[in-house]
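**Q** If you want the building blocks of each chain, they are given just below.
There are 2 protein chains.
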Amino acid sequence: MSSSMERKEKPKIDLGPKVASYPMPVTIIGANVNGKANFLVAAWFMAAGISPPKVAVALNKTHHTNRGIKENKTFSVCIPSEDLITAADYCGLVSGVKADKSGVFDVFYGKLETAPMISECPVNMECKLERVVDNGGHEIFVGEIVSTMTEEKYLTDRAIDLKKVKPFMLSLNDRLYYALGDSKAKAWSAGNNFKP
Amino acid sequence: MSSSMERKEKPKIDLGPKVASYPMPVTIIGANVNGKANFLVAAWFMAAGISPPKVAVALNKTHHTNRGIKENKTFSVCIPSEDLITAADYCGLVSGVKADKSGVFDVFYGKLETAPMISECPVNMECKLERVVDNGGHEIFVGEIVSTMTEEKYLTDRAIDLKKVKPFMLSLNDRLYYALGDSKAKAWSAGNNFKP
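Sequences listed follow chains A and B, in order. If you're matching positions, the first sequence starts at 1139 in our numbering and goes up one per residue. If you're matching positions, the second sequence starts at 1139 in our numbering and goes up one per residue.
Wrong hints could be hidden among the right ones.
[To be verified] For each label pair, taking beta carbons as the anchor points, the in silico distance ranges come out as:
(1) A:Lys1322 <-> B:Ile1188: 26 to 32 Å
(2) B:Gly1173 <-> A:Val1235: 50 to 56 Å
(3) A:Asn1330 <-> B:Phe1332: 42 to 48 Å
(4) B:Glu1290 <-> A:Asn1330: 30 to 36 Å
(5) A:Asn1330 <-> B:Asn1198: 18 to 24 Å
(6) B:Lys1174 <-> A:Gly1173: 51 to 57 Å
(7) A:Asp1272 <-> B:Trp1326: 36 to 42 Å
(8) A:Asp1272 <-> B:Gly1241: 14 to 20 Å
(9) A:Val1270 <-> B:Glu1290: 21 to 27 Å
(10) A:Pro1149 <-> B:Glu1251: 17 to 23 Å
(11) B:Lys1249 <-> A:Ser1233: 36 to 42 Å
(12) A:Glu1209 <-> B:Ser1327: 45 to 51 Å
[As the list claims (entries may be wrong)] What the simulated footprint calls covered on chain B by chain A, stretch by stretch (three residues with Cβ under 8 Å from a Cβ of chain A suffice, anywhere in the stretch; the number is not a length):
(13) 1150 to 1164
(14) 1218 to 1224
(15) 1270 to 1284
(16) 1302 to 1312
[To be verified] So these bits of chain A aren't anywhere near chain B, every CB distance computed over 10 Å:
(17) Lys1156
(18) His1202
(19) Asn1331
Worth flagging that the hints you see were computed from the coordinates, not collected in a lab. Even for Gly, the Cβ is constructed at its ideal location relative to N, Cα and C.
Let the sequences and hints guide you as you build the complete structure.
**A** Below is the structure:
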């Protein structure tokens, strides 16, 4: 390995203990709080299981939404498209304690009955709370997905097609929302002929 | 609200309990296993704390990398750029049990000494293991970030600039890697004038 030479060409600098920018998927987390739909924009989100399918989201403990998730033991993960950027950003700027966000979107419910989903969002995952991990300033909510709601127009060959969904991502450090670019390669395939 | 009309225009279908495609940020998780650097591609990743900064990653229990993280109580999160797609995909296709992946990248270590990082990656976060959450088929590793290594050329106004980093995302259902698109709006700002 040409380690020493490459190192000299690429001197690393340490920005310190910091959450670095990476493309954080912007989601809207829905929960009923005091019987009313409330929505919070959240980008600290990931899949966390396949069988059964699960998701995890880290939410600051101060959020109104957290109470609702614990009360009902249900929540939703709604994937907004680019044309919902301003509405989604609004849900991150304004707390449900101060503003009634139940009218921002057209709300619908699924089989869990207490996880509010958003008609305007191309994809909605309805989740049953599995556990809450106390993680200091944040709580990690792990949920089992019970329904994945979408529309025919967002599918290609029966799979959700992100070029049709048009999701957007957050860059944390410079506070920018980014669109999705072009597809570049096939996963679990592109590396087949790679020679280390 | 025009709920009933909108509903008719946008009939929802339920794909069943399923992790829906969303832009999953592709990372390479580094850990020493038996004293040797090992790397695994992982897209079930999120930030999980700001003070102190934390990350969380969900890894299938069968992975070789998990053992190393538990052994050393350290790991790294490396953000590859588009030009590392084939190498990253290779790290997801081939298990560290069968192949020695220590030579795939130019490896360097930081202050934790046992969290291997990747010179070729524009951004590397060095993490101290905080907790492991047993989550069925997957384990969620929560780590505290101790260093964020990058290079001057990836910064704009001292912040990591994703247009320079060129990260890529995974669409799970159709198994595609996507590039980052254009910036669309300012976060914590775009919604300022939104009227619900």
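**Q** Now look at each hint and say whether the structure bears it out.
**A** Status of the hints after comparison with the structure:
no., hint, in the structure
1, A:Lys1322 <-> B:Ile1188: 26 to 32 Å, "holds (31 Å)"
2, B:Gly1173 <-> A:Val1235: 50 to 56 Å, "holds (51 Å)"
3, A:Asn1330 <-> B:Phe1332: 42 to 48 Å, "holds (46 Å)"
4, B:Glu1290 <-> A:Asn1330: 30 to 36 Å, "holds (35 Å)"
5, A:Asn1330 <-> B:Asn1198: 18 to 24 Å, "holds (20 Å)"
6, B:Lys1174 <-> A:Gly1173: 51 to 57 Å, "holds (55 Å)"
7, A:Asp1272 <-> B:Trp1326: 36 to 42 Å, "violated (26 Å)"
8, A:Asp1272 <-> B:Gly1241: 14 to 20 Å, "violated (40 Å)"
9, A:Val1270 <-> B:Glu1290: 21 to 27 Å, "violated (41 Å)"
10, A:Pro1149 <-> B:Glu1251: 17 to 23 Å, "holds (20 Å)"
11, B:Lys1249 <-> A:Ser1233: 36 to 42 Å, "holds (38 Å)"
12, A:Glu1209 <-> B:Ser1327: 45 to 51 Å, "violated (31 Å)"
13, 1150 to 1164, "holds (count 14)"
14, 1218 to 1224, "holds (count 3)"
15, 1270 to 1284, "holds (count 10)"
16, 1302 to 1312, "holds (count 9)"
17, Lys1156, "violated (4 Å)"
18, His1202, "holds (16 Å)"
19, Asn1331, "violated (8 Å)"
In this structure, the hints that do not hold are numbers 7, 8, 9, 12, 17, 19, in rising order.
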